[in-house]
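> First to last, the sequence lines map onto chains H and L.
Just so you know, the numbering used here puts 60 at position 60 of the first sequence, and the rest follows in order with no gaps.
Just so you know, the numbering used here puts 165 at position 165 of the second sequence, and the rest follows in order with no gaps.
These are computed hints drawn from the structure, not numbers from a lab.
A hint or two may mislead.
Stated by the list, open to error - No more than 27 Å apart at the CA atoms, straight line, and that leaves these computed lysine-lysine pairs for DSSO-like: (1) H/77 with H/20; (2) L/109 with H/20; (3) L/12 with H/20; (4) L/205 with L/29; (5) H/20 with L/29; (6) L/109 with H/19; (7) H/77 with L/214; (8) L/214 with H/20; (9) H/19 with L/12; (10) H/80 with L/29; (11) L/154 with H/77; (12) H/20 with L/154; (13) L/29 with H/77; (14) L/214 with H/19; (15) L/110 with H/80.
Just so it is clear, the structure is predicted and the values come from calculations on it, not from any experiment.
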Amino acid sequence: MSTEPIHTEHAEEHDTMTKKRIWNVFFVLLGITCVEFFIALYLVPHGMMTYHSANPIYIVLTLAKAFYIVGYFMHLKFEKLGLVFAIIVPVLFIIGLILVLTNESHHWIDLRM
Amino acid sequence: MSTTVSQIDEVKTTPWAGGRSPFAVEYGKMMMWFFLLSDAFTFSSLLISYGALRFSSNAWPAPDLVFQSVPGLIEHGAPLVFVGLMTFILIMSSVTMVLAVEAGHRNAKKEVVWWMIGTIIGGLMFLGCQALEWNHLHSEGFWWGSIPSMEELKTLFHGAPSTTYAHQFANLFFTITGFHGFHVFSGVVINIIITINVLAGTYEKRGSYLMIEKVGLYWHFVDLVWVFVFTFFYLV
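Work the whole structure out from these sequences, hints included.
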């Protein structure tokens with residue numbers, strides 16, 4: 001098996017990750033972090049948002065950051081679909097576990113009351 | 001290799017028959033991805049147990065009260081400022097890492113070295129900040145298995161303080177940020193080794209800077225984990 005086709009295919013794919021795009025992704029990540037700080041330091045203390053409504057927003061913003069890091073910095077968005085599924089599908093089970101345990105922990109708190 | 005293709009060789013030209021690499025990535029890079037997947041499970045188990053304990057508690061040390069100092073500068077009233085700086089440093093070092101990978105694709109040895117050095121400095125700065133943060137919490141009385149006095153705990157909870165949950169917070173905080181910090185530390189060590197290899201011309205001789213990509217994947221993963229640690233310890 002020759003390794004050459006792999007390298008040439010790679011060279012083509014990497015044209016999609018230019019310096020300009022790298023900085024774009026950086027500013028997106030920075031922007032999302034700033035929004036999180038704005039919520040945590042301004043909206044919640046000034047009563048414009050409660051802890052309970054802010055938490056889901058933090059989680060959605062965190063997942064958005066994760067998408068940009070994994071997709072662009074780690075280059076997964078430009079890999080073969082097979083590899084993308086091999087990495088993403090197992091992670092979906094983690095989300096399942098999170099949903100199960102948040103549900104369960106709400107039950108535990110009722111038991112403790 | 002003979003030019004005539006026998007039938008059995010013809011079969012092997014399809015991606016899933018061994019003719020071509022189905023994922024079109026080099027072996028080491030694919031193994032790095034699967035290692036990171038297993039590492040993601042480890043961190044998830046830590047963070048999910050933290051989440052389950054926290055959501056099932058009726059009192060928890062409030063992040064805006066626990067983390068409101070910039071060690072050495074501001075003692076009180078600056079919530080999230082220091083951790084914001086740490087997050088910025090880590091995202092920044094992730095950017096220098098991608099720039100090193102990008103330079104590697106152009107076989108620009110000098111640029112790769114400079115971006116790698118930038119990444120290493122970012123990693124060391126982050127570790128330094130984490131050491132300050134740990135030192136600050138330790139001086140307040142938090143450590144594995146130990147918590148501040150009841151008087152001090154009253155200033156760290158929004159409602160009535162709970163020693164049980166203060167203990168859980170202390171153990172989970174040092175375990176999870178410690179595990180993450182250990183990853184950052186090993187990442188810095190790996191980056192240093194790779195930079196030395198670049199300087200020695202190892203990858204120039206090999207003809208590809210693929211190794212930079214592999215350590216890059218690890219480094220971005222460490223950044224990714226911090227994004228989650230940051231959200232679940234400092235924001236939520």
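> Which of the stated hints cannot be reconciled with the structure, identified by number in ascending sequence?
3, 9, 11, 12, 15
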